[in-house]
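Residue numbers (our numbering), protein chains in the order written: chain A, -2 to 252; chain B, 2 to 237.
Simulated crosslink set (DSS-like; lysine-lysine; CA at most 25 Å straight-line):
no., chain 1, residue 1, chain 2, residue 2
1, B, 119, A, 25
2, A, 25, B, 49
3, B, 119, A, 26
4, B, 119, A, 249
5, B, 75, A, 25
Derived CB-CB ranges, DEER-like:
no., chain 1, residue 1, chain 2, residue 2, range
6, A, 203, B, 60, 43 to 51 Å
7, B, 15, A, 104, 47 to 55 Å
8, A, 156, B, 15, 18 to 26 Å
9, A, 128, B, 40, 46 to 54 Å
Derived by calculation from the structure, the hints in this document are not laboratory data.
Note that beta-carbon positions come from the ideal geometry of N, C-alpha and C, so glycine has one too.
Chain by chain, the residues run as shown.
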Amino acid sequence: MLSETYSIILALLAAGAAGLVGAFALMKKTVLAGDVMSHVAIPGLGLAMMWQINPLFGGALTLFIGALIISRLERKTSLSSDAAIGVIFAGSVALGALLINSKEELIDALFGGFGGLSMNEFIFGVVSSLLIVVSLWILRNKLIINLFSGELAAAAGINIGRLNFWFLLLFSLSILLGLRFLGALLAGALIIVPASAARQFTHGLGSFLICSILFSVLSMMAGFAISSAYGLELGPTVVMVAAAIFALSLLKKKE
Amino acid sequence: MSEILKVENLTVTLDGTNIIENLNFNLEKGENLAIIGPNGSGKTVFLKTLIGLFPYQGEINWSEEVKLGYVPQKIDADRHLPVDLENLLNAKANVLGLKKSEVRAVTESAKITEKILKTPIGHLSGGQFQRALIAFALLGNPNVILMDEPTASIDQAGEEQIYELIHELQDKYGITIILVSHDLSVVYRYATKVLCLNKTGLCFGPPESALTQDVFKKLYGEEHKYVHHLHNKENA
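In isolation and in its complexed conformation, chain B is listed as follows:
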């Protein structure tokens, strides 16, 4: 495996406040990195900095062949916008100079039906909308996808589908995933690495070894329920 991302001494300052301070880690190709941390810990800012939306100090070195795809947390899309998903995907394909067949390919990958394609963006359900965002991100063949809480606005069943989809994409195309998640069960199931973020990095490594009781205390300021839960299971 080769290194795909190196973050060194990263500091992000917005409106005079340090949102991220002195963050360091490396990521290998094909990994699934989960970023966890309490609200306001800088997770979203960090993702946006990685795709170049915010200025920063320090180093963010992507390997040369990297093509990024981005799935934002939520979009306040105007419900009345007379734009359907097909318009949107065609627009991106056109801007990137891609063929129409590539639009077909990503809609198939993201399991988007003809009917969803023709539905105005504002009328998509939470799960459909999230799949639409993933399809949009997949256009242009990214080899790294950054996702910000991809299941924040979806029910349990829809959530399951989205994670299955992400997992499939990773198996099929070897895409590297960087995912912000609040759901620790997802982290344990899918992530190969976890980054605990609270302004600065508090842990980094495989979830099983990185997520210790001590780290949770530092991260959330209290003993975390999920760890109890796991321990109880083990004891049972």
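One chain only, chain A, in its complex shape:
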């Protein structure tokens, strides 16, 4: 098992990636669907605990399946897809809770903390964080055009279905990275909350993206410091810090 320094490095990288994903998710207005997306990880965590493998493998499996299902639903523009997504998420939480039979493990799955960090997991986490940031950097122009108008994006030759699916995968990966520290209930929060606060403080695209990353990293850093100083759970502390930054941002009057 690795020392806490590795944990902190990985947590900060994962937070940075989540902040960037969150900024795009906020602009895409998919934050809420994305937030509940993290719940899809719960049955996977349950299965992994049953099979006694690394919980994150299970989380990755069901997140990937969830991304496939949501992407299919997104392509159909029928009204019922919202309802279907709601059912999938509620079902995931319920199934996960049934699969996980100890209360302690259930709390871990929901709020984070899966024992020590292995070198393999550390490397996977660092590579994934970098993959998220680099991919979003490469896709940014297509994403921006698609944010403005899917029709114009399609007219400019952009494959919107593929672009949205890529984004959903990066989003899921970002949730997966957050699971260890925040748990399935709160992993989505680090994607949404810093981005929402950053949006209040900034006007331009560049400053918004940077601010969202900074707020997310700052929440994680302060979360580590406060939780270890006062013996609190890490996940809820991080999210409370992020929520406090968001509350402060509301005080700022926007022109």
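Starting from the known structure of chain A, arrange chain B on it as the hints suggest.
Showing chain B alone in chain A's frame:
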């Protein structure tokens, strides 16, 4: 002049309903085609089919050198999107692999000032927004531009500017224009050809000869006021 577009037996079916049925016409390079028709007659669907957004039966043959630009009717852009016009134009230039200088060129062509470039998309006025869409369409040097009611959300003065702009672009670059319009005065002033669409094509040709009283009756189901107006003018 050479042929740039040939539409043959075009039928577009969406959700089991024929929106367009058995449409036929040809268009020459450099022409300004106006498409008119009542609400729900398939004008917008037709434009979107031409740029490849909807599946269809029949033939749509663009000549080989064609590069399309598209100006949609309206975009429900999020007012709070932290994206300014410069971000958007740079994004398209980047996706198409164009140089920054091309962004300059289209903003000049569409008469977009530095200040408009730096304004968040959601804060542009109707006329500015429409010019922004035209600039966006011009990136990548299209030789055909399809426009869906480009002045639907603009006041009279702004409307005049947009049509002047379109006309200028056509004079300057010889761009072929395909334009959906509800404004018949525009059709008479700028269009070289008019297509009357109500599910299928009811007329095609130069406006002066194609737009007869009979066609208007078929198209709108009543005698059209504008034709009266013209006749009155002639009588006066």
